[in-house]
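Protein chains in written order, with our numbering: chain A, 1 to 115; chain B, 1 to 113.
It is worth saying that the hints were derived from the structure and are not from the lab. Among the hints, erroneous ones may be present.
What the hints assert, rightly or not - Where chain A lies over chain B, by a calculated footprint (3+ residues, C-beta under 8 Å):
1. 72 to 84
2. 87 to 94
3. 101 to 113
Don't be surprised by glycine CBs; every beta carbon is placed ideally from N, CA and C.
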Amino acid sequence: ETGVTQSPTHLIKTRGQQVTLRCSSQSGHNTVSWYQQALGQGPQFIFQYYREEENGRGNFPPRFSGLQFPNYSSELNVNALELDDSALYLCASSLDGRTGGYGYTFGSGTRLTVV
Amino acid sequence: GESVGLHLPTLSVQEGDNSIINCAYSNSASDYFIWYKQESGKGPQFIIDIRSNMDKRQGQRVTVLLNKTVKHLSLQIAATQPGDSAVYFCAEYKSGGSYIPTFGRGTSLIVHP
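So here's chain A without its partners, still in its complex pose (with noise of 0.2 Å):
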């Protein structure tokens, strides 16, 4: 059974350029949700997938999007990227629309820099 794997790793990109970031849910889990984790703070939810469509949204402009792919996969895009968009970008895939407890699994993350 795999994890959650997100790519790339590590990624740098200019203000005003566009990102595309992914992740591969666990096997046997047909949701996916994305955060933002700045810098010594707590990951802030994006927004959820659940079997292709949104399943709720946080508090984020709507120049962060995503789709979410027959597979399970998801991308999450950030058009116009700004300084303050430089963060650790997080994928969390579960069953069912959950948003966390156990069973709910993180992947390592892209570390995004905008400069």
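We have chain A; now place chain B onto it with these hints.
Chain B in isolation, oriented as in the chain A frame:
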């Protein structure tokens, strides 16, 4: 002792001591709480959870205490080991709606051999 560092509160303990990590949560309507452990370069890992109808729950070497009156959560780790060194986060969930978690700022636990 406990101190507030540049980014995170930090708790330094000796191996074998008991550790207590505290969390003040924000929403009196929150009814589910989770403690996560995040090691360097990794994502958060579930440790233990508790619902608001309980005030104590025990796991293997860990105990979570919930005081709803003062909106306070604590994680007790018995016989702390160097492998327990990590950042610990509490997360609160409010019933109703989409059950989105709110994470606390985190506490860095440093265990000295």
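- Task: Please write out, lowest number first, the hints stated earlier that are contradicted by the structure.
- Result: Checked against the structure, the only hint that fails is number 1, while the rest are satisfied.
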